[in-house]
Amino acid sequence: MSAEAAAVEVQANEAPIVAPIMYKVESSDGQVYEISDEAVKQSNTLSNLISTCVANDVASMDPIPITNVTGNIMKMVIEWCEKHKGETLPVEDDSVPKNITVPEWDTNFLKIDNDVLFDLIVASNFLDVPGLMSYACKMVANMAIGKSPDEMRVLFAIPTDEEDEAAEKAAKEKAEAEKKAITEKDAAEPSTSK
Amino acid sequence: MAENDGETIVPDEQCNLTASTPMKSSGLEQVESPKERKTSMVECDDEGNPSSGTPDESPKQLTPHSIPPRRRRSPRRPEVSASRLPLKVLNQIFQYLPLKDLRSAMLTCHSWNNALSMEDSDIWQYLLGKKLPEAAVSDPFLLAELGSAKKKLRAWYFAWNTSDISRNNYIRTNGFTVHRQPVAQSTDGVRGKRGISKGVHAFDITWDGPLGTVAVVGIATKHAALHCVGYVALLGSDDQSWGWNLVDNVLMHNGAQLGVYPKMNNPPKYEVGDKIRLIIDCDTHVAYFERNSEFLGIAFNHIPPLRLYPAVCAVYGNTEVTMVYVGSPQMG
Numbered sequence: 001m002s003a004e005a006a007a008v009e010v011q012a013n014e015a016p017i018v019a020p021i022m023y024k025v026e027s028s029d030g031q032v033y034e035i036s037d038e039a040v041k042q043s044n045t046l047s048n049l050i051s052t053c054v055a056n057d058v059a060s061m062d063p064i065p066i067t068n069v070t071g072n073i074m075k076m077v078i079e080w081c082e083k084h085k086g087e088t089l090p091v092e093d094d095s096v097p098k099n100i101t102v103p104e105w106d107t108n109f110l111k112i113d114n115d116v117l118f119d120l121i122v123a124s125n126f127l128d129v130p131g132l133m134s135y136a137c138k139m140v141a142n143m144a145i146g147k148s149p150d151e152m153r154v155l156f157a158i159p160t161d162e163e164d165e166a167a168e169k170a171a172k173e174k175a176e177a178e179k180k181a182i183t184e185k186d187a188a189e190p191s192t193s194k
Numbered sequence: 001m002a003e004n005d006g007e008t009i010v011p012d013e014q015c016n017l018t019a020s021t022p023m024k025s026s027g028l029e030q031v032e033s034p035k036e037r038k039t040s041m042v043e044c045d046d047e048g049n050p051s052s053g054t055p056d057e058s059p060k061q062l063t064p065h066s067i068p069p070r071r072r073r074s075p076r077r078p079e080v081s082a083s084r085l086p087l088k089v090l091n092q093i094f095q096y097l098p099l100k101d102l103r104s105a106m107l108t109c110h111s112w113n114n115a116l117s118m119e120d121s122d123i124w125q126y127l128l129g130k131k132l133p134e135a136a137v138s139d140p141f142l143l144a145e146l147g148s149a150k151k152k153l154r155a156w157y158f159a160w161n162t163s164d165i166s167r168n169n170y171i172r173t174n175g176f177t178v179h180r181q182p183v184a185q186s187t188d189g190v191r192g193k194r195g196i197s198k199g200v201h202a203f204d205i206t207w208d209g210p211l212g213t214v215a216v217v218g219i220a221t222k223h224a225a226l227h228c229v230g231y232v233a234l235l236g237s238d239d240q241s242w243g244w245n246l247v248d249n250v251l252m253h254n255g256a257q258l259g260v261y262p263k264m265n266n267p268p269k270y271e272v273g274d275k276i277r278l279i280i281d282c283d284t285h286v287a288y289f290e291r292n293s294e295f296l297g298i299a300f301n302h303i304p305p306l307r308l309y310p311a312v313c314a315v316y317g318n319t320e321v322t323m324v325y326v327g328s329p330q331m332g
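Chains as they are written, first to last, in the UniProt record's numbering: chain Z, 1 to 194; chain R, 1 to 332.
Only chain R is shown next, with the shape it has when bound in the complex (with noise of 0.2 Å):
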């Protein structure tokens, strides 16, 4: 008996040794190109290993700054990572990156995450402000209901495209409002910049100025058009668009009309500058309207699996359409 337990402690140690020789030998490379990190960091889970068993040592207190770790780590791990930098260190290094690496950070590691997720922290203002136009920031009215710096930055990136509209149509400065000028015999329409084909999106839409004759808000795919001769209701006049003309609440698509919307007698006709919320929901295939919050009803079903863009079109001149993403709306 006593000659079996020697045999069973003798292997652990041994064991013990092989596992901590690599770390040290790793320690002395000063330069590591990223396929020998990889062996690093394999070394330094085989080295955590057998310390944990040794409850004598423990880990350097690390600065006051710190992010508490996630999990209870082994004392021999480092007590410096990248994943738990200070948050105000973190700071300092996001702000030097571009919005694409700032996505690829945000998946890095939930420490990143977390910080990148402080919706109006340094990093998003900044963006914010090198971003959108002045126009935009300095209305107190345009953003008011998106409540941080993100929210206002992602509404950017939705907001109408200079680049995909009708000739006849122009943003304003501040990005967000197209503006119909007075050309006669013509529809013009335009498109979002970012089409949707998952989960559910709400796009605040307001009608400044007379509707005229036509005056459809709806949505298309990319391949809509987007002007034609005449005052056409336009959206909504093929199988690639779906529209809603509020001058006499017609619901349109594929030429078809499919109703009256709201499906009631006499549905109140639209007030210059109520706010429309468009809400599609890709995952149940419909889409529908609210109006100053309130749910009118599903206004368009079996809606086919493509990308999607919040679109107008519009005949009036000089009238003017704002749109503004506010993602996924509140269920309520």
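Isolated chain Z (complex conformation) (with noise of 0.2 Å):
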């Protein structure tokens, strides 16, 4: 599958008549994927990176490790600066409202799981991805819009104090009954011996 992907990338990036530069870039579980220099600048992290490798040869170049990003997320970021290349990032200023409207392509990307959601605004806040960054926490906002304390905790998987002190407090008495098994265990060993 992602070889495909990486070919009809391929085939898609060789339609214009200058072929973009494209760099490489490795996530936590050892994926390799490849960004075009225009996508790069939504990323203020990677164009750092990039800016502060001087390379004439760029194929040459080992990919660059990002250690806390998993590959299905990068993926999904590298998708995010490829549709948005060219555009000016967002500029963070107090005389600017904040209503964003999220554009439709933007809101269908968008619409996975939570965890997905939140995995992807971890990345985008460490990539420095701003343009990505507001959609998706407008995203999160509108959901929680008019949600009590305890709808919110449903939607967003958020454990109150009661149960975690009983995950805690299970997770602990399954850890003894591990250890009383062992302890059995050993003792069973010597008897035998003997």
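In short, the hints are calculated from the structure, not lab data. One or more hints might be untrue.
Unchecked claim - Okay, derived cross-link-like pairs now, SDA-like style, lysine to any residue, Cα gap no bigger than 25 Å in a straight line:
id, chain 1, residue 1, chain 2, residue 2
1, R, Lys130, R, Lys193
2, R, Lys150, Z, Val116
3, R, Lys198, R, Leu306
4, Z, Lys147, R, Lys130
5, R, Lys130, Z, Ile145
6, R, Lys151, Z, Ile145
7, R, Lys151, Z, Ala175
8, Z, Lys24, Z, Asn99
9, R, Lys151, R, Arg167
10, Z, Lys111, Z, Phe126
11, R, Lys88, Z, Asn99
12, R, Lys88, Z, Ile100
13, R, Lys222, R, Glu145
14, R, Lys88, Z, Val116
15, R, Lys275, R, Gly147
16, Z, Lys147, R, Tyr126
17, Z, Lys41, Z, Thr101
18, R, Lys88, Z, Lys24
Need the complex rebuilt from these two chains, each delivered in its own frame; the hints are there to steer you.
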């Protein structure tokens, strides 16, 4: 699948007259992805890394290792950056009203499982992709508007204090039971040898 | 003995396998309804228990900006969840929420409460600029005693009520000062926006301009009248209000004078511009005043458990009264 996707991407990239420079990025689980020089500008972190590593031969460069973003999330971030390459980064200005409207493509792009959405938000925070960050946070805020605290906990899978303590207690009991079983097993062996 | 040991080990393994299976299946689901999400949460708890016995697995490193977990958690639990987002991310989400939803967010979990408890964060600064009139924000003295954006925003929600006021009064553009127009033979009052019925609350009241023959500060229920003909100590004239007339230092309630306040010989006259702090203790059903931070003694006791509003009534033309809510007073 990834090979076919890469082939499709290569064909698409060859369509323009001037082929873009492609940089390689490696995720925490060893997946390598390519991102164009225009798309890289959407991520301040990647832009800074690339601008400080001046190299003539980009093709021979090792992939940039990003050790705290997993492969599927990295793929999504790169897909978003490629879609929005050439766009101006949003400026954090207090005078600008903060009623962002999420475009339709981004709305569909962000209709994903909440766990994946939060992973994507944390990754965009680390890679400093302000556009993706704004849209993703807006999506989360739209989910939260009008909800009670209990509804927010259910929606975002946030445990209550009671649930947290119950889980810790159960985990502790489990550990103690396993320890007791090991102790009994050790006690049985010496008697057998005797 | 050996056979018994074998029997005890096998069920544990089966329990582990059984517990781990649902988590994998739930991971395959792309879209979950809120009900299914609840189930997923339970499965996550179940899945977390057996893996606690395997110390080999260590959780992945969180981003440098992550908020440290409140407790040590099972490594199989999600590394990133809504309750453990970095502070910068939480602030960016919260900036899109209206005030009512921010309150719900504060009650959702500890880390969200911690993020929103920073009273001068961008969220409260933004709401302050959005809600308060420019005249109030730019006034260097009006809200000087309130140390944070959140407290200033809260004071705005307790300020004089533009919809609960005598027709001869109007609220100035700063939102915190009431102005009485020069109308003859009329007593005119105003109430605060929000009443209180629990806890201890303090209101700073400053009378700017002459007092005239009647200048009463006090508390009123929703049903106390705010206007009458003539120059009357309206606050305290019935069982719905309690008032302290600054002109003659007399306390009034239910039409009866309760004596001079402060309770001393020749209590000092109110100086125009002095700050009076009205403190209402709903839990012990008393109200009292401080003047320039000096405690003056209990003014009213045995106040019934009603919703009470700060109020003033005035008779002098072009006199002005400012009221700023300060929250719970510092006991000292």
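Structure-based check of each hint:
Our distance criterion of 25 Å between C-alpha atoms is met by lysine 130 of chain R and lysine 193 of chain R, whose separation comes to about 18 Å. A C-alpha spacing of about 33 Å is found between lysine 150 of chain R and valine 116 of chain Z, which places the hinted pair above 25 Å, so the restraint is violated. A distance of roughly 9 Å separates the Cα atoms of lysine 198 of chain R and leucine 306 of chain R; the hinted pair therefore holds under the 25 Å criterion. A C-alpha spacing of about 23 Å is found between lysine 147 of chain Z and lysine 130 of chain R, which places the hinted pair at or below 25 Å, so the restraint holds.
Our distance criterion of 25 Å between C-alpha atoms is met by lysine 130 of chain R and isoleucine 145 of chain Z, whose separation comes to about 18 Å. The hinted pair formed by lysine 151 of chain R and isoleucine 145 of chain Z meets the criterion: a straight-line CA distance of about 23 Å does not exceed 25 Å. Among the hinted pairs, lysine 151 of chain R with alanine 175 of chain Z is inconsistent with the structure: their alpha-carbon atoms are about 47 Å apart, more than 25 Å. Restraint check for lysine 24 of chain Z and asparagine 99 of chain Z: the C-alpha separation of about 35 Å exceeds 25 Å, so the hint is violated.
A hinted pair counts as satisfied when its Cα atoms are at most 25 Å apart, and lysine 151 of chain R with arginine 167 of chain R does not qualify at roughly 30 Å. Annotation: proposed proximity of lysine 111 of chain Z to phenylalanine 126 of chain Z holds, straight-line Cα distance about 21 Å (limit 25 Å). Between the alpha carbons of lysine 88 of chain R and asparagine 99 of chain Z the distance comes to roughly 18 Å, so the proposed pair stays at or under 25 Å and holds. For the given pair, lysine 88 of chain R sits about 18 Å from isoleucine 100 of chain Z by alpha-carbon distance, which is consistent with the 25 Å threshold.
Between the alpha carbons of lysine 222 of chain R and glutamate 145 of chain R the distance comes to roughly 28 Å, so the proposed pair goes past 25 Å and is violated. About 19 Å separates the Cα atoms of lysine 88 of chain R and valine 116 of chain Z, which keeps this hinted pair within 25 Å; it holds. For the hint linking lysine 275 of chain R to glycine 147 of chain R, the alpha-carbon distance of about 18 Å falls within 25 Å, and the restraint holds. A C-alpha spacing of about 22 Å is found between lysine 147 of chain Z and tyrosine 126 of chain R, which places the hinted pair at or below 25 Å, so the restraint holds.
At roughly 22 Å between alpha-carbon atoms, lysine 41 of chain Z and threonine 101 of chain Z fall within 25 Å of each other, so this suggested pair holds. Between lysine 88 of chain R and lysine 24 of chain Z the CA atoms are separated by roughly 28 Å; this puts the pair beyond 25 Å, and the hint is violated.
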